[in-house]
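Going down the list, the protein sequences come from chains A and B.
If you read the first sequence in our numbering, its first letter stands for residue 2, the second for the next number, and so on.
If you read the second sequence in our numbering, its first letter stands for residue 437, the second for the next number, and so on.
The set of hints was computed from the structure by calculation and includes no laboratory data.
Please read these numbers as outputs of a predicted model, since none were measured by experiment.
Positions of the beta carbon are idealized from the N, C-alpha and C atoms, including for glycine.
Treat the hints loosely; a few may be bogus.
[Stated by the list, open to error] Below, in silico cross-link-like pairs of lysine-lysine (DSSO-like), each with a Cα-Cα straight-line distance of 27 Å or less:
#	chain 1	residue 1	chain 2	residue 2
1	B	497	A	533
2	A	32	A	22
3	B	627	A	32
4	A	426	A	436
5	B	687	A	146
6	B	586	A	579
7	B	497	A	146
8	A	126	A	443
9	A	146	A	33
10	B	627	A	126
11	A	350	B	586
12	A	32	A	63
[Said to hold, decoys possible] Estimated spans, in silico, between C-beta atoms of each pair:
#	chain 1	residue 1	chain 2	residue 2	range
13	A	355	B	586	20 to 28 Å
14	A	556	B	555	37 to 45 Å
15	A	109	B	635	41 to 49 Å
16	A	534	B	445	34 to 42 Å
17	B	580	A	109	25 to 33 Å
18	A	148	B	625	45 to 53 Å
19	B	625	A	297	53 to 61 Å
20	B	555	A	122	57 to 65 Å
21	A	398	B	532	46 to 54 Å
22	A	44	B	506	54 to 62 Å
23	A	263	B	591	54 to 62 Å
24	B	586	A	160	53 to 61 Å
25	B	625	A	129	16 to 24 Å
26	B	494	A	524	43 to 51 Å
In case you want the letters, here they are:
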Amino acid sequence: MSESTNDLDTLPKNLIVGWQKYGRRKVAMRKKDLGIWRSYTWQDSYEQVRQLSLGLIALGLKHGDKVCIIGDNDPQYFWAQLAIQSGGGVAVGLFTDSAPPEIQYIVHHSDAAFVFAKDQEQCDKLLDIQDQVPAVRRVIYWDDKGLWNYDESWLISFERVQEAGRRLDAEQPDLFERSVNAGHGQDLAVFCYTSGTTGLPKGAMISHLNLIAGADANLEVDPRLETDEHMSFLPPAWITENILGLSVHLRAGNVVNFPEAPETVQQNIREVAPQSLFFSPRLWEDMVAMVQVRLIESTWINRLLYKIFMPVGYKVAGLRFEERKAVGLLWRLLYALGDFAVFQPLRDKLGLINAKTAYSSGAAQSPDVIRFFRAIGVNIKQLYGSTEAQTHTLHIGDDVRFETVGVPPPGMEIKIAEDGEILVKGPTVVRGYYKNPEATEKAFFLDEDGQRWYRTGDAGYIDSHGHLIYLDRMKEMLTLSSGEKYSPQYIEGRLKFSPYIRNVMSLGGEDTPFVTALINIDFDNVGRWAEKQGLAYTTFVDLSQKPEVYELIQGDVEAVNRTLPPAARVRKFVLLHKEFDADEGELTRTRKLRRGQLGESYGDMIGAMYGGDDSVQVQASVKYRDGREGVIETTVHVATLEGEIDKTTEGKAA
Amino acid sequence: MAADLVHLSVQNVSLSFGGIQALTGVSFDAREGEILAIIGPNGAGKTSMLNCINNFYHPDKGQIVFEGHDLTRLPPHRIAQLGVARTFQNIALYTGLSTLDNLMAARHIHMRAGFLQSLAYWGPAHREDIAHRQAVEDIIDFLEMAHIRKAIVGALPYGLRKRVELGRALAMEPRLLLLDEPMTGMNQEEKEDMARFILDVHERHGKTILLIEHDMGLVMDIADRVVVLDFGLKIAEGTPEDIRHDEAVIKAYLGEEMSR
């Protein structure tokens, strides 16, 4: 962050400067292990990366080689990435829940020379596909649990690679520095394979300068202190964690914390209390749902305080952020009381006690969620971006409007094409997709000035405040047979605000006269509700088809319908007998709906809703985690909101 | 892989409750470091057999020898101290305590600090406590229970409670592990997780494991050898492959499974 910024054009160069600056005096990373937060100084980070990088070189890593990494958020993941880049290689992140064929595709497509695979689970997947990825020389693991008795010369431990590195270091003590200094900002740093809402995943080629520009732009609008805490729990294969986690850490010197296990993230966030948080809309929604459910189970005094002060919170937040008026003394006094009694303890429980900035990204965030957090004193900001261009827009400072996704960060430019598509330009726009010129051609273009633009494929418009309003994916904007347009995302976002609904897909198009919905109940919350009602159930299938549960969900649907224009209201819905599942290709790895696949999987039910049937027999094939397939047979009911069909005015629901 | 060293030898054990003959002259050996499964239809005497090994039941006849000690002459707590730990069919945990505390409680047989030492916070008792916590944390990590470390056991779902129980048995650092139907009442995924944990325990620590189980498929997958009981009699013993083809077993047990 000094004047010599230009020389620090790669991540490893930034690591070396950080190490020289902080050495043993400052903690770089923390990992909870065996119940205790263990610290690693910059010295530790530097040594780990140095030994590992030289180890890779000893094993034959060459400049420009690709190396895949598949593993949870651990210091080792970041060290591996920096070691690869120090050796001139490109790190290719994979999602930990990827199935062997997906891994095979990316490892093969990226021409990976090595693979880092965290543990037995991931190593097993690679051993499954060993024959199909002959270019991979070694698989390096960092958690040996369960691997003690493996006799595979293909697998090698982190420590043994580092041993080889130490030997090489003794022979050529200047090799590491030479190798790092040979790197340039234009060099490719990481490939991020896009979640692939459409077709096969594409590998976006991201350079060191792309990463550094992304981190610096973020730091400009949202400065970090060296003492700030970051919690690394987003998949590190995702561009977002690469920027907000590793790149920001190297540029700003803040501390990166790693959770004990994926299941403990929520507890660990509370322990760390980070200054900056980045959740998917789903996670923010889950937090609201969790607060509501916990509240029901809480003591009467807590419920009473919540009931008294939440309206105060909503009122003050509404004045401040929506009406943009001065808040009167009385309200401020009441809010201070509420903060003491409810909001502050709540923020503490949620790990938001130190949060200066809180972002939401990935899909549209329901305004109700934003209002809730504003009421308890956390102003959630929208961030809209992509793997190909990082942050397109975000809310800066107090200029937060929840119908928008904000304004471009410094250095970024946005314009709307004639057909309504959002186009972006800036230093974070990537060079293209690896080995895929057609897709690159389609997604990127150069303007008259030779500037590279990225076509986002999203529809939107810029409002009178200069904020971008995001509507939907271009191809997802739908028109009903009546000619009315609607955005499925909006309906889904609103419905998902119910604690009892886990996921929704809304339906309706040119050949259908009205909107319908496929709904996934939230098994935990509906189950708890059923227990309270004394309603007996056995499985997910059984619970989802209870008439009482239909009534419960119908109430939620009606509440959402009241906020919608009549044409866009949900007329019919079914409660699905199973959850949407990424393993069955129904969701992407970032948990977005794959509508095409879902339309196929649930064709019978969709037919029944538009055909006027009130129930449908389904035989759903399910794929278990271990790859076996089975069949569930059950009856799924169609619920019709009678009052909605001809109603054009607001009135009481049937 | 099985060293032919006999680790536990059950010799001609008979047990009766009034007029009911629960076990009749059952003999078998568990070799050091093997997974031996005891299978049989309901009421075959499987749990009775384990209870004899723990000496919760006193056999009428016969001997049970573990590392040179006749277990039929020792009280259960001595047997635990010798290095025999078990889990129960109906889960027997301290339901009001956390996972961590349940596991720490199991360490008591290894605790050396006396009453007076324990009164002082600092000193040997404190160091010992840290060592035990370390051992327990290793098990929590091993069985992937970090997210329920501080959770009250009574509030956990069934599958996780079973896992905590296995953890508690491991916390005793046994040389012989008795598992009484560790997978009943679990769904397929939980069963597979549990099977993986049992295999990991076996691989990592080379413990001798005596396993009672209902799920035939799993038993056949993970056991080195199988003993089959029917109405208190041992009707077969051998490798899973032998048992699968044994006429008497097919008739007594598999027969009714298959005709379903």
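Results for each hint:
{"no.": "1", "hint": "B:497 <-> A:533", "verdict": "violated (53 Å)"}
{"no.": "2", "hint": "A:32 <-> A:22", "verdict": "holds (22 Å)"}
{"no.": "3", "hint": "B:627 <-> A:32", "verdict": "violated (30 Å)"}
{"no.": "4", "hint": "A:426 <-> A:436", "verdict": "holds (22 Å)"}
{"no.": "5", "hint": "B:687 <-> A:146", "verdict": "violated (41 Å)"}
{"no.": "6", "hint": "B:586 <-> A:579", "verdict": "violated (31 Å)"}
{"no.": "7", "hint": "B:497 <-> A:146", "verdict": "violated (44 Å)"}
{"no.": "8", "hint": "A:126 <-> A:443", "verdict": "violated (34 Å)"}
{"no.": "9", "hint": "A:146 <-> A:33", "verdict": "holds (17 Å)"}
{"no.": "10", "hint": "B:627 <-> A:126", "verdict": "holds (20 Å)"}
{"no.": "11", "hint": "A:350 <-> B:586", "verdict": "holds (16 Å)"}
{"no.": "12", "hint": "A:32 <-> A:63", "verdict": "violated (31 Å)"}
{"no.": "13", "hint": "A:355 <-> B:586: 20 to 28 Å", "verdict": "holds (22 Å)"}
{"no.": "14", "hint": "A:556 <-> B:555: 37 to 45 Å", "verdict": "violated (59 Å)"}
{"no.": "15", "hint": "A:109 <-> B:635: 41 to 49 Å", "verdict": "violated (31 Å)"}
{"no.": "16", "hint": "A:534 <-> B:445: 34 to 42 Å", "verdict": "violated (56 Å)"}
{"no.": "17", "hint": "B:580 <-> A:109: 25 to 33 Å", "verdict": "holds (31 Å)"}
{"no.": "18", "hint": "A:148 <-> B:625: 45 to 53 Å", "verdict": "violated (22 Å)"}
{"no.": "19", "hint": "B:625 <-> A:297: 53 to 61 Å", "verdict": "violated (29 Å)"}
{"no.": "20", "hint": "B:555 <-> A:122: 57 to 65 Å", "verdict": "violated (46 Å)"}
{"no.": "21", "hint": "A:398 <-> B:532: 46 to 54 Å", "verdict": "holds (50 Å)"}
{"no.": "22", "hint": "A:44 <-> B:506: 54 to 62 Å", "verdict": "holds (59 Å)"}
{"no.": "23", "hint": "A:263 <-> B:591: 54 to 62 Å", "verdict": "violated (21 Å)"}
{"no.": "24", "hint": "B:586 <-> A:160: 53 to 61 Å", "verdict": "violated (32 Å)"}
{"no.": "25", "hint": "B:625 <-> A:129: 16 to 24 Å", "verdict": "holds (19 Å)"}
{"no.": "26", "hint": "B:494 <-> A:524: 43 to 51 Å", "verdict": "holds (47 Å)"}
Of the numbered hints stated above, those contradicted by the structure are hints 1, 3, 5, 6, 7, 8, 12, 14, 15, 16, 18, 19, 20, 23, 24, listed in ascending order.
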